[in-house]
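Taken in sequence, the protein lines are chains A and B.
Heads up: the first sequence at position 23 corresponds to 44 in this note's numbering, and the numbers run straight through without jumps.
Heads up: the second sequence at position 29 corresponds to 175 in this note's numbering, and the numbers run straight through without jumps.
Be aware that one or more of the hints could be misleading.
[Claimed, not checked] Straight-line C-alpha distance at most 20 angstroms; calculated PhoX-like pairs for lysine-lysine: (1) Lys-223/A x Lys-245/B; (2) Lys-63/A x Lys-51/A; (3) Lys-63/A x Lys-244/B; (4) Lys-223/A x Lys-149/A; (5) Lys-150/B x Lys-244/B; (6) Lys-223/A x Lys-244/B; (7) Lys-223/A x Lys-63/A; (8) Lys-150/B x Lys-245/B; (9) Lys-223/A x Lys-150/B.
These are computed hints drawn from the structure, not numbers from a lab.
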Amino acid sequence: MHIMEGFLPPMWAAFWFAISLPVVVYGIIKLNKLIKEKPQTKSLLAVAGAFAFVLSALKLPSVTGSCSHPTGTGLGAICFGPAIASVLATIVLLFQALFLAHGGLTTLGANVFSMGIVGPVVAYIVFKTCRKVNLGVLIAVFFAAALGNWATYVTTSIQLALAFPAIDGGFMESFKIFATIFAITQIPLAIFEGLLTALIMKYIIQVRGDITDQLNVTTKAVSS
Amino acid sequence: MRSKLLSLILMLIAVLIVSVQPICLAQEEVEEEEEEVWGGADGEAGDQIIVINPNYEPWFESIWEPPSGEIESMLFSLQAAIGALIIGLFFGYYYALKKQET
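Kindly generate the complete structure, drawing on both the sequences and the hints.
Now the structure itself:
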């Protein structure tokens, strides 16, 4: 989902920066508040960040014959909410833009929007909805992380199609092209990310169920 | 305890299936296609941009690029290693702490 450096026209690059920046700033404020009020969550925060680090470094082969990677932001979104997850995603994306020439500084705004905002927001909403209808925590985590991952890649396709509408057919035609590259490649990887996130959540609950209770991740599970 | 072990094994199998199956499935394509196989989807999108809009010139270059593919893989592994280290530390620490309590 990384849009390569320089591959968004300046106007679109600025547009996505303008949208992403306030969310990340809000996330940093929320992050500081969380560390102040619940310092015991710091270790889990580190794990959520580290999880995104590991997963976004794994480029996996997929059915379409190309490689793509999971995002790892679902865990952070489920535990801490989308705003804080967007801060974690920004750190990962900045690392990759600076040291790996993967993604870029000019496209950072757009990449933060897809991986740091849309993905986590979708994951968060899916998680809360699954919990409302009384699905188990791990099943909810699976759906949240998988759909969050997939939403990230659909967003990238939309962003590219908006910036590069085809001469024949315009936005929809371009969207089809980019969605074929990203959204289809991503289906098995989204399932992979969902399973892996559920797995790590299972262990987190085992060793630090007290923290997930405090963050309202596991609290409603008591009744089921 | 037994059901825990079972769920762990099931999950690991699922993870394996999802990560290995594409290689088997796409084996035929590999022979037919002449372009680079198992390339990154990100780069592919970049190529498509040029197809849709041949006049587009990327207006900004990466400030620094890994000098070779090997160095790039090294940095990617480093990224994964940093993350894995932190995750391992967390689970190791609290697992031992929990064990001590009981």
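- Which hint numbers doesn't this structure obey? none
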